[in-house]
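Enquirer: So you can see what is in the structure, the chains are spelled out below.
Number of protein chains: 2
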Amino acid sequence: MKQILPLLVGALLTISISAQNKTPDEKDIATIIKKHGIDNSQVMEIASYMTDVLGQRLTGSTGLKNANNWAESKLTEIGMENSHLEAWEGFGRGWDMTHFEMHAKAPTYWPIIAYPKAWSSSTKGTGDVVYLNATTIDELDKYKGKLSGKFVLLEDIREVEEAFEPTAKRHDSESLVKLANATQPIPSQRRRRGGNADAAALRAATWELLETEKPLATLDRSRKGDLGTVFVSGARTAEGNARENDKYVVPQMTLAIEHYNRIFRMLEQDIPVTLTIDSQSNYTNPEGNENNVIAEIPGTDLKDEVVMFGAHYDSWHAGTGATDNGSGSAVMMEAARILIETIKETGIQPRRTLRIALWTGEEQGLFGSRKYVGKHFATAAESGFAVASLKEDQKKVSGYFNMDNGTGKIRGVYLQGNQAVSPIFREWLKPFHEMDASTISLSNTGGTDHLAFDMAGIPGFQFIQEPISYSTKTHHSNMDNFDHLVGDDLKQAATIIAYFIWQTSQRDEQLPRKATDLKYE
Amino acid sequence: MKQILPLLVGALLTISISAQNKTPDEKDIATIIKKHGIDNSQVMEIASYMTDVLGQRLTGSTGLKNANNWAESKLTEIGMENSHLEAWEGFGRGWDMTHFEMHAKAPTYWPIIAYPKAWSSSTKGTGDVVYLNATTIDELDKYKGKLSGKFVLLEDIREVEEAFEPTAKRHDSESLVKLANATQPIPSQRRRRGGNADAAALRAATWELLETEKPLATLDRSRKGDLGTVFVSGARTAEGNARENDKYVVPQMTLAIEHYNRIFRMLEQDIPVTLTIDSQSNYTNPEGNENNVIAEIPGTDLKDEVVMFGAHYDSWHAGTGATDNGSGSAVMMEAARILIETIKETGIQPRRTLRIALWTGEEQGLFGSRKYVGKHFATAAESGFAVASLKEDQKKVSGYFNMDNGTGKIRGVYLQGNQAVSPIFREWLKPFHEMDASTISLSNTGGTDHLAFDMAGIPGFQFIQEPISYSTKTHHSNMDNFDHLVGDDLKQAATIIAYFIWQTSQRDEQLPRKATDLKYE
Numbered sequence: 003m004k005q006i007l008p009l010l011v012g013a014l015l016t017i018s019i020s021a022q023n024k025t026p027d028e029k030d031i032a033t034i035i036k037k038h039g040i041d042n043s044q045v046m047e048i049a050s051y052m053t054d055v056l057g058q059r060l061t062g063s064t065g066l067k068n069a070n071n072w073a074e075s076k077l078t079e080i081g082m083e084n085s086h087l088e089a090w091e092g093f094g095r096g097w098d099m100t101h102f103e104m105h106a107k108a109p110t111y112w113p114i115i116a117y118p119k120a121w122s123s124s125t126k127g128t129g130d131v132v133y134l135n136a137t138t139i140d141e142l143d144k145y146k147g148k149l150s151g152k153f154v155l156l157e158d159i160r161e162v163e164e165a166f167e168p169t170a171k172r173h174d175s176e177s178l179v180k181l182a183n184a185t186q187p188i189p190s191q192r193r194r195r196g197g198n199a200d201a202a203a204l205r206a207a208t209w210e211l212l213e214t215e216k217p218l219a220t221l222d223r224s225r226k227g228d229l230g231t232v233f234v235s236g237a238r239t240a241e242g243n244a245r246e247n248d249k250y251v252v253p254q255m256t257l258a259i260e261h262y263n264r265i266f267r268m269l270e271q272d273i274p275v276t277l278t279i280d281s282q283s284n285y286t287n288p289e290g291n292e293n294n295v296i297a298e299i300p301g302t303d304l305k306d307e308v309v310m311f312g313a314h315y316d317s318w319h320a321g322t323g324a325t326d327n328g329s330g331s332a333v334m335m336e337a338a339r340i341l342i343e344t345i346k347e348t349g350i351q352p353r354r355t356l357r358i359a360l361w362t363g364e365e366q367g368l369f370g371s372r373k374y375v376g377k378h379f380a381t382a383a384e385s386g387f388a389v390a391s392l393k394e395d396q397k398k399v400s401g402y403f404n405m406d407n408g409t410g411k412i413r414g415v416y417l418q419g420n421q422a423v424s425p426i427f428r429e430w431l432k433p434f435h436e437m438d439a440s441t442i443s444l445s446n447t448g449g450t451d452h453l454a455f456d457m458a459g460i461p462g463f464q465f466i467q468e469p470i471s472y473s474t475k476t477h478h479s480n481m482d483n484f485d486h487l488v489g490d491d492l493k494q495a496a497t498i499i500a501y502f503i504w505q506t507s508q509r510d511e512q513l514p515r516k517a518t519d520l521k522y523e
Numbered sequence: 003m004k005q006i007l008p009l010l011v012g013a014l015l016t017i018s019i020s021a022q023n024k025t026p027d028e029k030d031i032a033t034i035i036k037k038h039g040i041d042n043s044q045v046m047e048i049a050s051y052m053t054d055v056l057g058q059r060l061t062g063s064t065g066l067k068n069a070n071n072w073a074e075s076k077l078t079e080i081g082m083e084n085s086h087l088e089a090w091e092g093f094g095r096g097w098d099m100t101h102f103e104m105h106a107k108a109p110t111y112w113p114i115i116a117y118p119k120a121w122s123s124s125t126k127g128t129g130d131v132v133y134l135n136a137t138t139i140d141e142l143d144k145y146k147g148k149l150s151g152k153f154v155l156l157e158d159i160r161e162v163e164e165a166f167e168p169t170a171k172r173h174d175s176e177s178l179v180k181l182a183n184a185t186q187p188i189p190s191q192r193r194r195r196g197g198n199a200d201a202a203a204l205r206a207a208t209w210e211l212l213e214t215e216k217p218l219a220t221l222d223r224s225r226k227g228d229l230g231t232v233f234v235s236g237a238r239t240a241e242g243n244a245r246e247n248d249k250y251v252v253p254q255m256t257l258a259i260e261h262y263n264r265i266f267r268m269l270e271q272d273i274p275v276t277l278t279i280d281s282q283s284n285y286t287n288p289e290g291n292e293n294n295v296i297a298e299i300p301g302t303d304l305k306d307e308v309v310m311f312g313a314h315y316d317s318w319h320a321g322t323g324a325t326d327n328g329s330g331s332a333v334m335m336e337a338a339r340i341l342i343e344t345i346k347e348t349g350i351q352p353r354r355t356l357r358i359a360l361w362t363g364e365e366q367g368l369f370g371s372r373k374y375v376g377k378h379f380a381t382a383a384e385s386g387f388a389v390a391s392l393k394e395d396q397k398k399v400s401g402y403f404n405m406d407n408g409t410g411k412i413r414g415v416y417l418q419g420n421q422a423v424s425p426i427f428r429e430w431l432k433p434f435h436e437m438d439a440s441t442i443s444l445s446n447t448g449g450t451d452h453l454a455f456d457m458a459g460i461p462g463f464q465f466i467q468e469p470i471s472y473s474t475k476t477h478h479s480n481m482d483n484f485d486h487l488v489g490d491d492l493k494q495a496a497t498i499i500a501y502f503i504w505q506t507s508q509r510d511e512q513l514p515r516k517a518t519d520l521k522y523e
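Chains as they are written, first to last, in this note's numbering: chain A, 3 to 523; chain B, 3 to 523.
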């Protein structure tokens, strides 16, 4: 045995050298992709323009419209073809925040750190603060006729804990082993919104009261966040959808916890508190349609088949959507750029067509990706997220790669329960073991656009990423800004994803699929 | 040996019991003080009113004036005598922030988290942003005539690091042993303000230019802080003092780092940035005098001697001065309350007079404490912090205890180089070993009011405190708010300090003093 090994290595070496003399082999492709992805990276330039210059990209907003136009041009500029906006319907109106300020006036002045929830109606005025503290529908009665012109606190104090643990983290061997040992995931039940029927009835009655009373604003302090970091997303209504045209939406403000608690503590001490607000916004886009951004690198012998890759491009409005999901969007645009540079350098063309998609409406329910899949690959069920039947073009999509878990580099990939793809991805990760990416997890990840593909029987994947500060500080917060992107991590992610796209394009077979009960139309 | 020990313990036990039958011994006093300080604490109620209700307490501001009046009443209410405001002169005008808002208008709207530096002149308007990037005085020429109506960036980008280490900390045995092993401190040289003569000349020329040009505002991003935490103190001038009446002070704004960097990165990409600001403030108190708050618990047989304890009460303006130094002020007020309750319960009167001082003007140079010491105990040198000679009453102050290092509980005490006091304090800490306070450090701490006493030859001390989030998050920041006070820590601190005051009052001798070259007048 000992004597055989050197001979074998010698033989492999010969093959490798002879391959280099013809066309780049797989190892060379990885090297070339790494050169363009790591040494010549442009991911941070893309991300800076996307977040710093274009800013927030709330679906339906002017910000997203401008960002879509920029992406369409930028994808052409980097060398993609057929770059275009592809419309989808039924989102509802958009919302542009045009001015926001809030201050305490009494007992003493201070400027308040707060943000309106998206789709809040405009509001302006000065008034006192009351705490709406009702545990039953009957208790709501005492607030009737008393909330107009007031600021209404909706929540009790939340205690703030000092950060004796790091708020930013990377995976360690323990957490990776746990992922690697994950068993076949159980199809998740759609989570029902909080609590029991009584609680739901109280909530509905509370919001009906608020919509009747029309306070200056309701105030809350979000479930997490401190020290100036505020987590804020969309406004709610008693019933229906805040995106319906002409619908009045109670102005809903989320305050920095320190400012919320300060107001609450003063009320507890019977100190009257007076605030002033000027929150202005425009409802936009009354026809309610939106666009995804789509572009391609054409394939050759298998050009009717596609490899798709994408990320949601829309964001919430208080930050600039840097880690949610400027990072994923910039990485996917950069992956396309890396592949184009690799094609130029090697002269090797992709076999399948490579198609990028920057989705919109993800934050409100994966709308962009579901509408896209619903148009091209499957017919949606009448209600909910489910798919009823499959279209013929579903067969042409070999796979879809998504990124939407922040700025952290890739430590591996979730198989989304697709065991058959495991040996393939294991092989593809080999050139990136030196970059810490080697874990294969049978587990799935939820809550983002690969699900639209997965539910239509198309292999759709997310990667295992370093958590960094995603869940603790940036995801849906006012501090989701460029400064919390980690450049080296994004370079690594773009490089690995480019390689996965390339390999999916070049293999003879499509990626193996999970069994499905869905039928073709 | 083995047989002797039980006998000895037995003997000690007998003495202890017999002492209990007469008057409370030292151990009992500690127990009673702990009961009032820990079980019946009011420190968080005091701190909440001081920070939440009274708010910022910038020296010279209406906020501090109101806070002084409240403290004067509150000290009477808890049972102190002779509570009064004691004036000191020469501070200069005060400054009340009455309105602040700042927004980006182009290329896209967002509300900016920022604060004016204290004593900034009011400013209102909309304008473009320029980066003042001069490394020599000659290079300033190109900005002449071009800064009026503009926002002027003064600093390069500061890279933001994610928090892979905790931002809040407690001492561990390693850091305490280091403190315990500290050697005799070397008298510190007064630190000279940054750099060489060229740098100083450039700074002066820059501020002269800015005072001539009168931009809408200068913008900086402070040395530390991120994620919505902004560190901001006082405005600067080319020469002289921003507190001089009628002096124009360039409006100087400190921005959240993410917002500052975002603007800077856009300028780097040649994207014009337009901001709008409305920063309004009133200059107050043109006569320029201030007050410390003083109150006493009268002594008995040694009533002409005093034990002093205090903390600076003034704060910066962007937060509510919770850890700097609402914590110290509330703890000292609470220590007084604990002692009064202890006196009521035991019937034992203090021998020396116990005098609390809530100092003002600390943030601008320990003015309140230095002026107080200069009036009663020593004559100040003509310039600088030094003392020229001592007054007779200096002999009557046994010691001064100060607290000004945030919310952390006490782990021990700094001897401030006073070795002779070591065995005394070591004994006094014994009842608090169970509360983690046991370290004696020969080292000194600087930068706060005990120095005024120390320099006049009066034993002045600060305690070793847990760091918590003081230097990383709250000290001089907009997030120095009540929520970052740790209640259990403050209770412990008030309890231990009450006991130290009591022991200083009751011992036959005054506390030993360090040798001094100063002469009595």
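If you are wondering where the hints come from, they were derived from the structure by calculation, not from laboratory data. Owing to the predicted nature of the structure, the values given are computational and were not obtained by experimental measurement. One or more of the hints may lead you astray.
Where chains are identical, the list cannot tell them apart; a pair therefore holds if satisfied intra-copy or between any two copies.
[Said to hold, decoys possible] Think about it this way: if two alpha-carbon atoms lie no more than 25 Å apart in a straight line, the pair counts; the simulated BS3-like pairs of lysine-lysine are:
(1) K516 to K76
(2) K432 to K146
(3) K305 to K377
(4) K216 to K144
Enquirer: Going through the earlier hints one by one, which of them does the structure break, listed in rising order?
Expert: 1, 2
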